[in-house]
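Respectively, the protein sequence lines represent chains A and B.
In this text, residue positions in the first sequence follow my numbering: the first is 1, and each later residue adds one.
In this text, residue positions in the second sequence follow my numbering: the first is 1, and each later residue adds one.
There's no promise every hint is true.
Calculated cross-link-like contacts (lysine to aspartate or glutamate; reagent style EDC-like; alpha-carbon spacing at most 20 Å) [as the list claims (entries may be wrong)]:
1. Lys95(B) with Glu177(A)
2. Lys96(B) with Glu177(A)
3. Lys33(B) with Glu333(A)
With beta-carbon atoms standing in for the labels, derived distance ranges [stated by the list, open to error]:
4. Ser39(A) with Arg204(B): 29 to 39 Å
5. Glu333(A) with Asp52(B): 27 to 37 Å
6. Arg204(B) with Leu155(A): 45 to 55 Å
7. Ile218(A) with Val276(B): 47 to 57 Å
8. Val146(A) with Gly244(B): 46 to 56 Å
9. Glu21(B) with Tyr351(A): 51 to 61 Å
10. Pro171(A) with Arg204(B): 31 to 41 Å
11. Tyr162(A) with Pro102(B): 46 to 56 Å
12. Glu100(B) with Glu358(A): 25 to 35 Å
13. Arg78(B) with Val14(A): 38 to 48 Å
14. Ser143(A) with Gly273(B): 54 to 64 Å
Here are a few chain B residues that face chain A, going by a calculated C-beta distance under 8 Å [claimed, not checked]:
15. Thr63
16. Gln67
17. Ser111
18. Ile153
19. Thr183
20. Trp270
21. Ser272
22. Gly278
23. Glu293
24. Thr297
Worth flagging that the hints you see were computed from the coordinates, not collected in a lab.
Glycine residues also receive a C-beta, built at the ideal position from the N, C-alpha and C atoms.
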Amino acid sequence: MSARPAGLPRWVDVGLIPACNVALALGVAGLIVLAIGESPWRAIRIMVTGALGQGEAIGYTLYYATNYVFTGLAVAVAFHAGLFNIGGEGQAYIGGLGVGLAMLALDRLLPGWLLAPIGLALAALFGAAWAAIPAWLQAYRGSHIVITTIMFNFLAAALIVYLMVNVLIAPGSMAAESREFAPAARLPMMHEVLGMVGIKVGHTPLNLSIVIAVAAGIGVWLFLWHTPLGYELRAVGHSERAAVYAGIRSRRVVVASLCLSGALAGLAGLNEILGVHHRLFLNFVAGAGFTGIAVALMGRNHPIGVGLAALLFGALQQGGAELAFEIPSITREMVVVIQGLVILFSGALAYWLRPSFERLFARGSG
Amino acid sequence: MRSIGLAIGLIAFAATAQGQELKPAVVFDMGGKFDKSFNEGVVNGVTRFTRDSGVAVADFEVTNETQFEQAHRRFAQRGQNPIIGVGFSQGNAVKKVAGEFPNIRFTLIDSVVELPNVQSVLFKEHEGSFLVGALAALASKTGKVGFVGGMDIPLIRRFQCGYEKGAKFVNPNVEVLANMTGTTPAAWNDPGRGGELAKGQFDRGADVIYAAAGGTGVGVYQAAKDRGRLAIGVDSNQNHLHPGTMLTSMVKRVDLAAYESFKAAKDGNWKSGIRVLGLKEGGVDWALDQHNEKLVTAAMKTRIDQTKADIVGGKIAVHDYMSNNACPN
Numbered sequence: 001m002s003a004r005p006a007g008l009p010r011w012v013d014v015g016l017i018p019a020c021n022v023a024l025a026l027g028v029a030g031l032i033v034l035a036i037g038e039s040p041w042r043a044i045r046i047m048v049t050g051a052l053g054q055g056e057a058i059g060y061t062l063y064y065a066t067n068y069v070f071t072g073l074a075v076a077v078a079f080h081a082g083l084f085n086i087g088g089e090g091q092a093y094i095g096g097l098g099v100g101l102a103m104l105a106l107d108r109l110l111p112g113w114l115l116a117p118i119g120l121a122l123a124a125l126f127g128a129a130w131a132a133i134p135a136w137l138q139a140y141r142g143s144h145i146v147i148t149t150i151m152f153n154f155l156a157a158a159l160i161v162y163l164m165v166n167v168l169i170a171p172g173s174m175a176a177e178s179r180e181f182a183p184a185a186r187l188p189m190m191h192e193v194l195g196m197v198g199i200k201v202g203h204t205p206l207n208l209s210i211v212i213a214v215a216a217g218i219g220v221w222l223f224l225w226h227t228p229l230g231y232e233l234r235a236v237g238h239s240e241r242a243a244v245y246a247g248i249r250s251r252r253v254v255v256a257s258l259c260l261s262g263a264l265a266g267l268a269g270l271n272e273i274l275g276v277h278h279r280l281f282l283n284f285v286a287g288a289g290f291t292g293i294a295v296a297l298m299g300r301n302h303p304i305g306v307g308l309a310a311l312l313f314g315a316l317q318q319g320g321a322e323l324a325f326e327i328p329s330i331t332r333e334m335v336v337v338i339q340g341l342v343i344l345f346s347g348a349l350a351y352w353l354r355p356s357f358e359r360l361f362a363r364g365s366g
Numbered sequence: 001m002r003s004i005g006l007a008i009g010l011i012a013f014a015a016t017a018q019g020q021e022l023k024p025a026v027v028f029d030m031g032g033k034f035d036k037s038f039n040e041g042v043v044n045g046v047t048r049f050t051r052d053s054g055v056a057v058a059d060f061e062v063t064n065e066t067q068f069e070q071a072h073r074r075f076a077q078r079g080q081n082p083i084i085g086v087g088f089s090q091g092n093a094v095k096k097v098a099g100e101f102p103n104i105r106f107t108l109i110d111s112v113v114e115l116p117n118v119q120s121v122l123f124k125e126h127e128g129s130f131l132v133g134a135l136a137a138l139a140s141k142t143g144k145v146g147f148v149g150g151m152d153i154p155l156i157r158r159f160q161c162g163y164e165k166g167a168k169f170v171n172p173n174v175e176v177l178a179n180m181t182g183t184t185p186a187a188w189n190d191p192g193r194g195g196e197l198a199k200g201q202f203d204r205g206a207d208v209i210y211a212a213a214g215g216t217g218v219g220v221y222q223a224a225k226d227r228g229r230l231a232i233g234v235d236s237n238q239n240h241l242h243p244g245t246m247l248t249s250m251v252k253r254v255d256l257a258a259y260e261s262f263k264a265a266k267d268g269n270w271k272s273g274i275r276v277l278g279l280k281e282g283g284v285d286w287a288l289d290q291h292n293e294k295l296v297t298a299a300m301k302t303r304i305d306q307t308k309a310d311i312v313g314g315k316i317a318v319h320d321y322m323s324n325n326a327c328p329n
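Just chain A, with the same shape it has in the complex:
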């Protein structure tokens, strides 16, 4: 989103530099793997084939990426309005609650083709409602959005634990889980859809949510760059005072952008609840809301970038699991270190290599 420095071809900026960053991260991670006495080549091979090697691996990678697209888009939309929405975790959690409540109430009354859109609407609505309160506090009371959205993550967790333990728990269940939804109340799984057209793939949690995620990405792009409200939103993000001077009602824009952000995050709850698990339980978001922040930063807050970053994070999550699976001495904590290095190099140190490349290309063209 920031201005590209002159003298650097676009393919270097969006292709070569990120690739070098990832390569550097894998290099450092390889040294750590070497230090604990395993082969870095084998580790990288397992991670790559584990994430992209065959149908099942790709299914899991795309399933994780689906969540990250939703939460990444949520952060990106708010970011364009100059707001840092850290509440994706809570908004996704509440979005999932919305889906779950609707399904528990209606799953035995309505057919599946009606339940899915209801679930979609409620996930977005609940997520938006959860974001609306911090949004209003930010716009009209000046409470800082970072603080309030963090606090709302904890409120969401406390609310859902209360509901799960005391109200929604299935009778006789040891775990705090609701009953399973009726078979009508689920999004079609990708392996079922592909099976119908004759393509056989293994069981994965990948479901139709990914189509919704792609649609959401296109929708966000259209909204931000091709609608008046999207223009106003970006204007407020660049300079709120200039926007007000131009006649934009910035407070409304702040509330609207955060509600949209919350709605997008809420859809991650749709993927988990209606797409994969078909019941309500605790902590189904599992950090996807926070990962969304890194996804948006790495994707430069552009829908295409968010999509690519989400794929990378999905691949890291899935490949990391395979790594822990195949090499017992690499624990899940080690996997987090490797994932952290990739985030550090390609997110936080994104501009680190740029000066060297600029010098290189300046010399080349000069």
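Once you've looked at the hints, dock chain B against the given chain A.
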């Protein structure tokens, strides 16, 4: 295609039946392998099995709920057999994957899946808690005993109810103070808050506290040591943590469940169905060793042994909270 798969399955099954190629695996709960309590108990059982039999055991620690199913399926595809699922959160995953792989044997700890290739292992935590509750009331000089639970879920209320019943059994006038640490999974690993709750209960007059709270218990035991009062450990034998202030531990032998499942598979007599391990089966017990023998007088020991014999013999029926989700007075 299917018949080939079936044939391969049968060959694999025959091979394992002869004990030639046993490839056991464990999927751990979110707490991780080294939680000093529940999961670590399984690790101990698995280590013992590997030492005794020389058979290597594969394992996996999940980082989110979706991975339960993924891990079980991956192990099953690799031909790992039997596979142990640790903890009640894995019930749905085991149900799904065990249905897809009818030739792979699954053992599920703390929950029930009724399939012909699943062994479900449950523990009567209320019986063990009853015993340590009785011991707490016997050791208490103030007539007040405390309970610190982890996350407020039915399983922990089962511990609490058994403990209260045990304390009231030996002293009908005893007062039981009870707190839960929290409502999120963080409550399993919050020693700071555990310590604060314990101090609060000590201030209100309790002099023995039972912690059924995973890693949070460490804070409770430390508080007991700092105040010179008594604490009771849980799941693993935790007496050694603070000799002199650890009155006893309510041990839940998940190590035994894991060990026996693998051992039976090796010997060719693994059985599916529900196993309920109580005091009688040695699945739960109270711990008496060199670290706490000075705290337990001969009279106390006699009384507890008698109570244990009565529960085993059926003379005392301990109420199970989860039978009706209530703890009647």
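Going through the hints against the structure:
1. Our distance criterion of 20 Å between C-alpha atoms is met by Lys95(B) and Glu177(A), whose separation comes to about 15 Å.
2. Taken as a hint, the Lys96(B) and Glu177(A) pair is honoured in the structure, with Cα atoms around 16 Å apart against an allowance of 20 Å.
3. For the suggested pair Lys33(B) and Glu333(A), the alpha carbons sit about 12 Å apart, so the restraint of at most 20 Å is met.
4. In this structure the hint that Ser39(A) and Arg204(B) lie 29 to 39 Å apart at CB is violated, the actual value being about 58 Å.
5. The hinted window of 27 to 37 Å between Glu333(A) and Asp52(B) holds, with their beta carbons roughly 29 Å apart.
6. For the pair Arg204(B) and Leu155(A), the beta carbons lie near 30 Å from each other, so the given range of 45 to 55 Å is not met.
7. Checked against the hint of 47 to 57 Å, the pair Ile218(A) and Val276(B) passes, with Cβ atoms roughly 55 Å apart.
8. In this structure the hint that Val146(A) and Gly244(B) lie 46 to 56 Å apart at CB holds, the actual value being about 48 Å.
9. Glu21(B) and Tyr351(A) have their C-beta atoms about 54 Å apart, which keeps the hinted 51 to 61 Å range intact.
10. As the Cβ distance of Pro171(A) to Arg204(B) is approximately 34 Å, the hint placing it in 31 to 41 Å holds.
11. Our hint of 46 to 56 Å for Tyr162(A) and Pro102(B) is violated, since their Cβ atoms are close to 40 Å apart.
12. Our hint of 25 to 35 Å for Glu100(B) and Glu358(A) is violated, since their Cβ atoms are close to 55 Å apart.
13. In this structure the hint that Arg78(B) and Val14(A) lie 38 to 48 Å apart at CB holds, the actual value being about 39 Å.
14. Between Ser143(A) and Gly273(B) the Cβ separation comes to about 57 Å, which falls inside the hinted range of 54 to 64 Å.
15. Against a cut-off of 8 Å between C-beta atoms, the interface hint on Thr63(B) holds, since the closest Cβ of chain A lies about 6 Å away.
16. With 8 Å as the threshold, the beta carbon of Gln67(B) comes within range of chain A, its nearest partner Cβ sitting at about 6 Å, so the hint holds.
17. Nearest Cβ of chain A to the Cβ of Ser111(B): about 6 Å, under the 8 Å cut. The hint holds.
18. For Ile153(B), the shortest C-beta to C-beta distance to chain A is roughly 6 Å, which falls under 8 Å, so the interface hint holds.
19. Below 8 Å, beta-carbon pairs count as interface contacts, and Thr183(B) has one with chain A at about 4 Å; its hint therefore holds.
20. A hinted interface residue such as Trp270(B) counts as satisfied when its beta carbon comes closer than 8 Å to some beta carbon of chain A; here the least separation is about 24 Å, so the hint is violated.
21. The criterion of a C-beta within 8 Å of any C-beta in chain A is not met by Ser272(B), whose closest approach is roughly 20 Å, and the hint is violated.
22. The beta carbon of Gly278(B) comes no nearer than 17 Å to any beta carbon in chain A, farther than 8 Å, and the hint placing it at the interface is violated.
23. Taken as an interface hint, Glu293(B) does not check out: its beta carbon lies about 35 Å from the nearest beta carbon of chain A, beyond 8 Å.
24. Among the interface hints, the one on Thr297(B) is violated; its C-beta lies about 37 Å from the nearest C-beta in chain A, farther than the 8 Å criterion.
Of the hints listed earlier, those the structure fails to meet are numbers 4, 6, 11, 12, 20, 21, 22, 23 and 24, in rising order.
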